[in-house]
Amino acid sequence: MSDSDANLHELNHQNIWAGFKQLVPISLFVAVFGLAFGLAATQVGLDNPSIIAMSAFVFAGASQFAALELWGAQIAIIPLAMTVFAINARHLLMGATLYPWLCHLPPVKRYGVMLFVTDANWAMSMQAFNRIEPAMGLLFGGGIAIWLFWILGTWLGIYFGSAIQDPVSLGLDMVMGCFLLAMVLGGEKNLRIIIIWIVAAVASLLAYWYLPANSHVVIGALAGGILGAVWMGKSSDG
Amino acid sequence: MVETTGFGVLIIVLVMAIVTLITRWGGVYVMSYVPISYRVKQFISAMSGSVLIALLAPLALSGDNGARLALLTTAITILLIKKPLPAIALGILAAALYRQI
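Those protein sequences? They're chains A and B, same order as listed.
Note that the first sequence covers residues 1 to 238 in the UniProt record's numbering.
Note that the second sequence covers residues 1 to 101 in the UniProt record's numbering.
If we strip away everything but chain A, and leave its shape as in the complex, we get (with noise of 0.2 Å):
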């Protein structure tokens, strides 16, 4: 590591903020995603406590709408610790590409920063960092605004939720959809991972149909996983 590499992981008060207002404007979508899940919250019955304390702890909003699809009187823990697992996998991959950089953090802070890694904020990071430019406070402050805008729109779902009438009728069901083929289609596409995606879909389906129910998102995520470790890419775009 250079010097001009070494003073990349700066992490100060100055550039915390000034990553916390950098992620302010995809911090206000979040919210309106997270208003989507407090609203669908309430409508498989969790007690409002309970949904805030989801949005603050896990602060992972695909895995915590796949819980709601688990829902019910029971819930297996097994299955669901297995589902948000998969879903959140994509974390350790996420930790494992910053490593270069949080290595020369102290521990607490380099775990302490990882705390409020999500998608938008590492991606934005990723390319800051790739760009030789120092990138840490734009990781942790612009996490820590995607955190408080979730926790914000969870909030609102639960107590104005309500007042929506007929949340289908406006397509909020679908916020959750097209937030997740968003990222799917705005991340690398080649024909390896077009058959990848395939295989996934195909078993999740037929998971979907003739396994146990909720079995189809391990199920899928395993045989796209699978196929992607014995089909390996080239390694110039890993």
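Hints were generated in silico from the structure; no laboratory data involved.
Cβ coordinates follow ideal geometry from the N, Cα and C atoms, glycine included.
It is possible that part of the hints are untrue.
Simulated restraints on C-beta separations [to be verified]:
no.: 1; chain 1: A; residue 1: N190; chain 2: B; residue 2: Q100; range: 35 to 43 Å
no.: 2; chain 1: B; residue 1: I81; chain 2: A; residue 2: P212; range: 38 to 46 Å
no.: 3; chain 1: A; residue 1: P106; chain 2: B; residue 2: L61; range: 43 to 51 Å
no.: 4; chain 1: A; residue 1: E188; chain 2: B; residue 2: V2; range: 31 to 39 Å
no.: 5; chain 1: A; residue 1: F160; chain 2: B; residue 2: S32; range: 38 to 46 Å
List time: in silico DSS-like cross-link candidates among lysine-lysine, alpha-carbon distance up to 30 Å [to be verified]:
no.: 6; chain 1: B; residue 1: K82; chain 2: A; residue 2: K189
no.: 7; chain 1: A; residue 1: K234; chain 2: B; residue 2: K82
no.: 8; chain 1: A; residue 1: K109; chain 2: B; residue 2: K82
With chain A held as given, fit chain B onto it using these hints.
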């Protein structure tokens, strides 16, 4: 099985929080000891996209035409202009408009 009332909900939130924390910390922790092999990286990378596809496939097949139109609109928009926020907004709008008629 855990009841989804009272204390049970706390356990569910706690389990979800811990599993998510493992994913947020795990990659950094592992990297501090062993570099993630290229094969593992490919597995995680393929799985992270596949999990979203696995969530979406039944939604697209079992949903109504409004749901399908929303996903199609989002897909076309993101492929054309590569900006997620307008793509999401247009997808929701498409579902809303379709369901008004």
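- Take a quick look at whether A:K109 and B:K82 sit within 30 Å of each other, Cα to Cα. violated (33 Å)
- Task: Determine whether the Cβ-Cβ distance between B:I81 and A:P212 falls within the hinted range of 38 to 46 Å.
- Result: This hint holds: roughly 40 Å between Cβ atoms.
- Below or equal to 30 Å on CA atoms is what counts here, so check A:K234 against B:K82. Given that 30 Å is the threshold and the Cα spacing comes to 24 Å, the pair holds.
- Task: With respect to the beta-carbon atoms only, verify the hint that A:N190 and B:Q100 lie 35 to 43 Å apart.
- Result: holds (39 Å)
- Restraint check for B:K82 with A:K189, where alpha carbons must lie at most 30 Å apart: holds (12 Å)
- Verdict for A:E188, B:V2 (Cβ pair) under range 31 to 39 Å: With a Cβ separation near 38 Å, A:E188 and B:V2 satisfy 31 to 39 Å, so the hint holds.
- Item | Consistency of beta-carbon spacing, B:S32 to A:F160, with hint 38 to 46 Å | holds (44 Å)
- Item | Beta-carbon spacing of A:P106 to B:L61 - inside the hinted bounds 43 to 51 Å or not | Since A:P106 and B:L61 have Cβ atoms about 49 Å apart, the given range 43 to 51 Å holds.
Violated hint for the displayed structure: number 8, the only one.
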